[in-house]
Amino acid sequence: MKILTVCGVGQGTSLILKMTVEDVLTKMGVQADVENTDVSTARAMNSDIIVLSQDLANTLGEETGAEVVVVNNYFDEDEVEAALSKVIK
Amino acid sequence: MSFLDETLVRLNVQAENAEDAIRQSGRLLVEEGYAEEGYIQAMVDSYRENGAYFVIAPSVAIPHARPETGALESAISFVQLTEGVAFGHEANDPVRLVFGLSAASSEEHVKVIQKIAKLLGKKGNIDKLLEADSYDVIHQLKEEIK
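Same order as they appear, the protein sequences are chains G and L. Going by this note's numbering, the residue at position 11 of the first sequence is 102; the numbering climbs one at a time, nothing skipped. Going by this note's numbering, the residue at position 92 of the second sequence is 93; the numbering climbs one at a time, nothing skipped.
Looking at chain G on its own, in the form it has when it is part of the complex (with noise of 0.2 Å):
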């Protein structure tokens, strides 16, 4: 499985949730390639799931075809817990 964390840039708050990604993904006992990068790369990029802010998501679209999951705080573990629980099964 491959998720991206997406920022602006692609390499500041992007990072931050990659890290806050791949700790949940580990309590949750899930394998997956973790990468951050900025929204059009993301566009560009084949992936499963596309993290990201609200703003961004917008911003991203919905052509992607990876399962869009949005994160209000970047280190509350239990919202990106929660959040990514509803697109892993």
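Think of the hints as simulated: they come from the structure by calculation, not from any bench. Incorrect hints may have been included.
Said to hold, decoys possible - So these bits of chain G aren't anywhere near chain L, every CB distance computed over 10 Å:
(1) K93
(2) M119
(3) S138
(4) E153
(5) E154
(6) V160
(7) K177
(8) K180
Said to hold, decoys possible - DSSO-like, lysine-lysine: derived pairs with alpha carbons at most 27 Å apart:
(9) L:K147 <-> L:K116
(10) G:K118 <-> G:K177
(11) L:K116 <-> G:K118
(12) L:K119 <-> L:K143
(13) L:K119 <-> G:K93
(14) L:K124 <-> G:K118
(15) L:K147 <-> L:K112
(16) L:K112 <-> G:K93
(17) G:K118 <-> L:K119
(18) L:K147 <-> G:K118
(19) G:K177 <-> L:K143
(20) G:K118 <-> G:K180
(21) G:K177 <-> L:K123
(22) L:K147 <-> G:K93
(23) G:K93 <-> L:K116
(24) G:K118 <-> L:K123
Claimed, not checked - For the chain G half of the interface with chain L, some residues (derived, Cβ under 8 Å), not all of them:
(25) G99
(26) Q145
(27) N163
Please read all numbers here as calculations on a predicted model, not as lab measurements. Even glycine gets a Cβ: it sits at the ideal position worked out from N, Cα and C.
Got chain G; can you put chain L on it based on the hints?
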């Protein structure tokens, strides 16, 4: 690399609006030589272009711009606002803690991001930063995550 060194921290600051707050966090980075003058405008432009996605937790903003827009060395500044400012983030406004990030592309960048994630990810630390009234508090929080 510099992470919340004393010269990069300003407490109890007024900001007119989000752009003013971003500029103040960027100004600290420029004054201390971690970014070129143009980086401040690039941070504001990134906000105008991409919105408030860098408001990543309640009260917390981490404005930054692309490395090639004038980031010289990895560093994080901190501006604590006396009054909350609306950045346009539905869930996390108003912002009172602004961490200006000079994102130079290097291994140091990853280290500095890990530090800020550790600092802000620790339960209770955001409240402590909101209440901080001297640099000693910041210093103490930095020591705790070492």
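So which hints don't hold here, by number, going up? Failing hints, ascending: 19 and 22.
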